[in-house]
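Spelled out from the first residue to the last, the chains are:
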Amino acid sequence: MSAPTVTAPPPKATPRPVLPPAARKARRRSAALGLVAWVAGLGFCLPAMWMLLTSLHAEPDAATNPPSLAASLTLDSYREFFGAGGGPTPWPSLINSLSASVFSTLLVLVLALPAAYALSIRRVRKWTDVMFFFLSTKMLPVVAGLLPIYLFAKNTGMLDNIWLLVLLYTSMNLPIAVWMMQSFLADVPVSIIEAAQVDGARLHTVLARVVAPIAAPGIAATALICFIFSWNELLFARVLTGVVAQTAPVYLIGVVTSQGLFLAQLCAASVVVSLPVLAAGYAAQDKLVQGLSLGAVK
Amino acid sequence: MKQRKGGVRAWATRAPLLPALVFLIAVTQLPFVATLVISLFDWNSLDPDARSFAGLSNYSSVVTDPELRESVFTTVLLTASVVIASVVLGLVLALLLDRTFFGRGMVRTLLITPFLIVPVSAALLWKHALYNPEYGLLNGALTWVGELFGDTSPVQPDWISDMPLLAVEASLVWQWTPFMMLILLAGLQSRPAEMMEAARLDGASSWQTFRYLTLPHLRRYLELGVLLGSVYIVQNFDAVFTITGGGLGTANLPYTIYQTFYQAHEYGLASAVGVVVVIGTMIIATFALRVVSSLFREEANRA
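In order, the protein sequences belong to chains L and X. Take the first sequence: its letters are residues 1 to 298, numbered as in full-length UniProt numbering. Take the second sequence: its letters are residues 1 to 303, numbered as in full-length UniProt numbering.
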């Protein structure tokens, strides 16, 4: 990182670095700002840490005023959430979320990789127009197409079916994936691809053997971001699924309404549902910005 | 013959694009066309026999219905306030993180966390664990601080009913500030180091460097953050649905559409609102595309 620092490091040659007052002042200021950053970071993370702490408390200790910090920790809420008390288990909804997210991510990659290849390495004419068409579909509010999709699903018996969610999540993430991958594939040296083509490699061979391995980190980041968005989605899942294909966010809403509020259990549920996203997000941290800003910020 | 050969090659170049294009047109554009058609009908699903062509009457309902007008206003207010607050906070945090200090990577990770909590979880967390008037963390902290100062009955506001829109906004600002910070931090770190060094040697104060070098450089990143944030927050459903259930004047357009078609079964009216949202979004999107395209052109020139 080339972050400019206010204080220059003291030259090593001098035996005792006696800093001029201005530099000492600047160093104190720098340390103070570092402290401010720490406070801000902890402050922003506080609600999330509170969620974790509450989930580890027994139900009577969770809902107290003032908050009980010294209460003993227990995994009871997690056991309860996973059905230890004989209630409904979240497993089907977690598996639905996982399948919908994974299958749609795979479908996105299969569709986006060739498209990004055509747009970045073999430049199609009017490529910027095509890029902007992809982007403009992302800006079409999803609610505007929800009703026809609902009616279509109802009349074809596809309601409460995760495959419908797979298709919709794919359309939701495809534009972002094409944009992201376009910017990652642009870094693949064209000469390597041409060499492969001279050797007689067909499109799928070039993609699988040459392009994908080189662009692997970018493709992985794209996949993680698509996974996160699919896992987080609520509106489609709420309207288009019911009992069988219910996803984790829909289940989470149900935890509150059907059983009344158990704060510790609700927090445990929220932690469990957020875990895959936290893991994927921390893993993709560096590429996250580039992906979320559609590859425009490198 | 020559031309035909060129045509074949052009198709071979375009072919890898087609599956993605066809898929997107089928799944996003066709439903919208259907929405346009439905918006011209008077159609309540509880009374399907009475379905009739209504022309633009649904649109005049959108314009005249006070509740719908209020939800347009709420949407604008919610989007603008969340975007502005999260950009300003994000800028401050990005400037703090742009310096070297002990544990910078750790602080960055802490700051990203709110963005990585599933939106529904985040909304439930704010509603029940923070805002709850009896045992929420906010009032718990007020009690605790009150006790420190010997106040036995500190104020215990009912956050969601006292300030419903602000309650929704605060949770969204919490979730979106990290996103803005990440984009602006990328912008800060792409500043040319020589330029900053030169300014420092010329004796520019840190405020002058910020005002005349950093801020102009960040302009595009700020625009990008504002516009992408707007596109996402205009469409927000999770927070409104979870925290207030659209009550107390917090119903935004996505929630209103959901409610109009899912609970009131007014298909024609819901579609008309949907079309209005699309027109509004298109206006924002035109600006968004222009900004992104300028960044994009810069990158294409560099490549």
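The hints are simulated quantities; they were obtained by calculation from the structure and are not laboratory data. No experiment lies behind these values; they were computed from the predicted model shown. It cannot be assumed that every hint is accurate.
Covered stretches of chain X, going by a simulated chain L footprint (3 or more residues, C-beta under 8 Å) [stated by the list, open to error]:
#1 77 to 86
#2 138 to 145
#3 178 to 187
#4 236 to 243
Computed, partial: chain X to chain L, Cβ under 10 Å [stated by the list, open to error]:
#5 A26
#6 L30
#7 L40
#8 L46
#9 L93
#10 L95
#11 F102
#12 I112
#13 F115
#14 V120
#15 L215
#16 G280
C-beta: ideal position from N, C-alpha, C; glycine also.
Hints, verified against the model:
no.	hint	verdict
1	77 to 86	violated (count 0)
2	138 to 145	holds (count 5)
3	178 to 187	holds (count 7)
4	236 to 243	holds (count 4)
5	A26	holds (8 Å)
6	L30	holds (8 Å)
7	L40	violated (13 Å)
8	L46	violated (14 Å)
9	L93	holds (6 Å)
10	L95	holds (9 Å)
11	F102	holds (6 Å)
12	I112	holds (7 Å)
13	F115	holds (7 Å)
14	V120	holds (4 Å)
15	L215	violated (15 Å)
16	G280	holds (9 Å)
Violation of the numbered hints given earlier is confined to hints 1, 7, 8, 15; the remaining hints are satisfied by the structure.
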